[in-house]
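*Asks:* Please build the complex by placing chain B on the supplied structure of chain A, with the hints as guidance.
There are 2 protein chains.
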Amino acid sequence: MPRGADSAAPRPRTGRRPGPTTTRDAILAAARRRFAEVGYDRATFRQIAAAAGVDPALVVQFFGSKQELFLAAVRMPDASGVLGGALEGDPATAGTRVARVLVGWLDDDAARSVLIARIRSAASEPSAAELVRQAATEQLAEVVRHLGGDHPDVRGALAASQFVGLVMVREVVGVEPLAALAPEELVELLGPTFQRYLTEPLALDG
Amino acid sequence: MPRGADSAAPRPRTGRRPGPTTTRDAILAAARRRFAEVGYDRATFRQIAAAAGVDPALVVQFFGSKQELFLAAVRMPDASGVLGGALEGDPATAGTRVARVLVGWLDDDAARSVLIARIRSAASEPSAAELVRQAATEQLAEVVRHLGGDHPDVRGALAASQFVGLVMVREVVGVEPLAALAPEELVELLGPTFQRYLTEPLALDG
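So the sequences go chain by chain: A and B.
Numbering-wise, the first sequence is residues 1 to 206 according to the numbering used here.
Numbering-wise, the second sequence is residues 1 to 206 according to the numbering used here.
Bound conformation, chain A alone (with noise of 0.2 Å):
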């Protein structure tokens, strides 16, 4: 676990804030939103401790590290238990109800601002391609499983590779026309995609 990234972070000297999860909170606010912006390699300590009205050292103190920052500020505490929500229903329109709960996220600034920043970011630094990674090997296999599916690793890839496309092209390239599209007109364009990939049969015993 990242220092200072639970609630037990050392407490600031500078008094600046009322307390400490206050400012804490206001820099990770702060971080994501410029980790989404620029992606990892582009963002400062110096930025972000503007953008949150403290002093750099004060990030610093709090986070240790850039990476330590980064993880701390992506962190998407409950994405296995909505996605698993997802899956109440009929096994056979589950793939638009995961396109609903993934397009959903990008409607929720906060949520959208992690996902960009992890995807932004997996394209050089390696602990956010590690999210990336852990995202399709195991929350959506085990979406996989949950449906019954073989080749759960394979499946949940394949959806991963959709949505982390989405993303990419949407959200960080910004192809307009799917950047115009109305959230409810993704979920009908991407669930079958997400339904082949998740229940389908797929030729994967070739």
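Heads up, a few of these hints could be off.
Computed footprint of chain A on chain B, listed as stretches where at least three residues anywhere in the stretch have a Cβ under 8 Å from a Cβ of chain A [said to hold, decoys possible]:
hint, stretch
1, 27 to 41
2, 59 to 73
3, 114 to 121
4, 129 to 143
5, 146 to 158
Because the hints were derived from the structure by calculation, they are not lab data.
The beta-carbon is built from N, C-alpha and C at its ideal position, and this holds for glycine as well.
*Replies:* For chain B alone, kept in the frame of chain A given last:
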């Protein structure tokens, strides 16, 4: 056009290699590999020069800036021609042929480096993001127009999202089950997705 990116590149004065074209090609090949391995921000003139066996000053002399070197290194001259070839034949199986071209690029060292370098770099460098945007909105949308599909921009962007995500998950993040699949297995898994995005009825007029 990037300075020095055509055949009229300035002749290097060191005379270390037989001729400017050979030196230039060695620099471009080294740059392509390095941008693919670590992305735009972490690639340096110094590393690229060392890999090409030349002085860093010569790289600057040839290409001027990192952005110009990047744009020269990640050219992919015949993409639209190759994709065009996939359009001949039965439109009902065009998705598989497009998948075969795209997956085939990942099986070719030079094309693979170009694609990974572009997509990895698109996460932080706007000039790389622009190349990905053009591929989605021009080359893949053109495929849709050839196939007579409606909404070519949305269809092209959806197809691009699946391919960009494949490169991210398989090549950049390195999710094992996808990395281990044979190219023709990938073609069979992805073909129906491209078929649907490129030609089949989509809920786009709601």
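*Asks:* So, for every hint listed, does it hold in this structure?
*Replies:* Hint-by-hint comparison with the structure:
Counting residues of the stretch 27 to 41 of chain B whose CB lies closer than 8 Å to any CB of chain A gives 3, which reaches the minimum of 3, so the coverage claim holds. Using a Cβ-Cβ cut-off of 8 Å, 0 residues of the stretch 59 to 73 of chain B lie near chain A, which falls short of the minimum of three, so the contact claim is violated. For the stretch 114 to 121 of chain B, the assignment as covered by chain A holds, since 3 residues bring a beta-carbon within under 8 Å of that chain's beta-carbons and 3 suffice. Residue count for the stretch 129 to 143 of chain B with a Cβ under 8 Å from a Cβ of chain A: 5. That meets the three needed, and the coverage hint holds.
Residues of the stretch 146 to 158 of chain B with a Cβ under 8 Å from some Cβ of chain A number 5, which satisfies the need for three, so the listed coverage holds.
Comparing the model with each earlier hint shows a violation of hint 2 alone; every other hint is respected.
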